[in-house]
Amino acid sequence: MFNDKSILITGGTGSFGKQFIKTVLDRYKPRKLIVFSRDELKQFEMQQEFHSPTLRYFLGDVRDEDRLRQAMKGVDYVVHAAALKQVPAAEYNPMECIKTNVHGAQNVINAALYNEVEKVIALSTDKAANPINLYGATKLASDKLFIAANNIAGGHRTRFAVVRYGNVVGSRGSVIPFFKKLISEGAKELPVTDPRMTRFWITLQQGVDFVLKNFERMQGGELFVPKIPSTKVTDLVEALSPGTPIKIIGIRPGEKLHEVMCPADDSHLTLEFHDHYVIKPTINFVDPVDYTVNLIGERGTSVEQGFEYNSNTNPHFLTVGQLRELIGV
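For the sequence shown, counting from 1, position 88 maps to 89 in this note's numbering; every step adds exactly one.
Just so you know, the hints here were simulated from the structure itself, not pulled from any lab data.
Each hint should be verified, as a subset may be incorrect.
[Claimed, not checked] With a cut-off of at most 20 Å between alpha-carbon atoms, the simulated DMTMM-like pairs for lysine to aspartate or glutamate come out as follows: (1) 100 - 67; (2) 30 - 239; (3) 145 - 66; (4) 233 - 117; (5) 181 - 273; (6) 6 - 119; (7) 6 - 117; (8) 233 - 256; (9) 23 - 46; (10) 33 - 119; (11) 33 - 217; (12) 23 - 50; (13) 74 - 119; (14) 181 - 326; (15) 23 - 40; (16) 228 - 273.
Build the full structure now, drawing on both the sequences and the hints.
Structure below.
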């Protein structure tokens, strides 16, 4: 569905953006691929890595609606990946996080509607479910904006959906590169916030594949959640550096012990499909949608009342050996 189409990705020079661009170029023949981001150096570096004539680079910030409108002219599909993501940084700089993650989300919506973009998928995070930190709260607000945008679209053809998933293996700023750096520097112990901590894990490629598939599935208003494994932070240490002692440093500002992707309070809205969940909108749309069957014919069923998709109670945990294979050590 991406052949001869124009696709724009905000935050396109990030870890997800680069993998998304690589995957689309490998699998499809898009008419145009637009990288929208605010970092000129990262755009320059991407230009050295990718040489496709279909690529376009737009310097701009999602805080700037006029620039987004200009960048989205003639665009069919949008992936919104731009965000401020560091939990402690958001706690110390709350308004900056709100400007990018909330105001920026509304700007993307407005620009997409203005340009009659066909479909928009916004990337979310497990931290948006029952948020306890500002980053999670801004992403929850962003999710609500994108879902509600389907109701305010009026006569526009644009449809919006959200993809929510957990920690990305090896992404910039994540714990794995941090641990690897410490190990390479000869660290005799590795810092762990809490030995009980668990997280959902997904690879960059799995995240990209899930987003691409959901462009085919989406009708507008869905919040897609993949079924992915969990890992214990202590197992991660063992996988990276067997036998290395850990040093307990305490939970950081705004950090959770375990993550949730489908809250129990949303169980009455949650549908289970073979490899993912869909959380239906909490609001009623003008044109009702049957979310039990998606656009490629997959059928979902309602989960039990009180069901929660939690990294601690997830039936699928990665072993130390599987982690080593995943990380490539």
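Results for each hint:
1. 100 - 67: Judged against 20 Å, a Cα distance of about 15 Å means the pair holds.
2. 30 - 239: violated, 42 Å
3. 145 - 66: holds, 19 Å
4. 233 - 117: Outside the cut-off at roughly 44 Å; violated.
5. 181 - 273: Status violated; Cα separation ~36 Å.
6. 6 - 119: holds, 10 Å
7. 6 - 117: holds, 14 Å
8. 233 - 256: Given that 20 Å is the threshold and the Cα spacing comes to 15 Å, the pair holds.
9. 23 - 46: holds, 14 Å
10. 33 - 119: Judged against 20 Å, a Cα distance of about 15 Å means the pair holds.
11. 33 - 217: Holds, at about 19 Å.
12. 23 - 50: holds, 10 Å
13. 74 - 119: holds, 12 Å
14. 181 - 326: Cα-Cα ~15 Å, so holds.
15. 23 - 40: Holds: residue 23 and residue 40 sit about 19 Å apart, inside 20 Å.
16. 228 - 273: OK: residue 228 and residue 273 at ~10 Å, within 20 Å.
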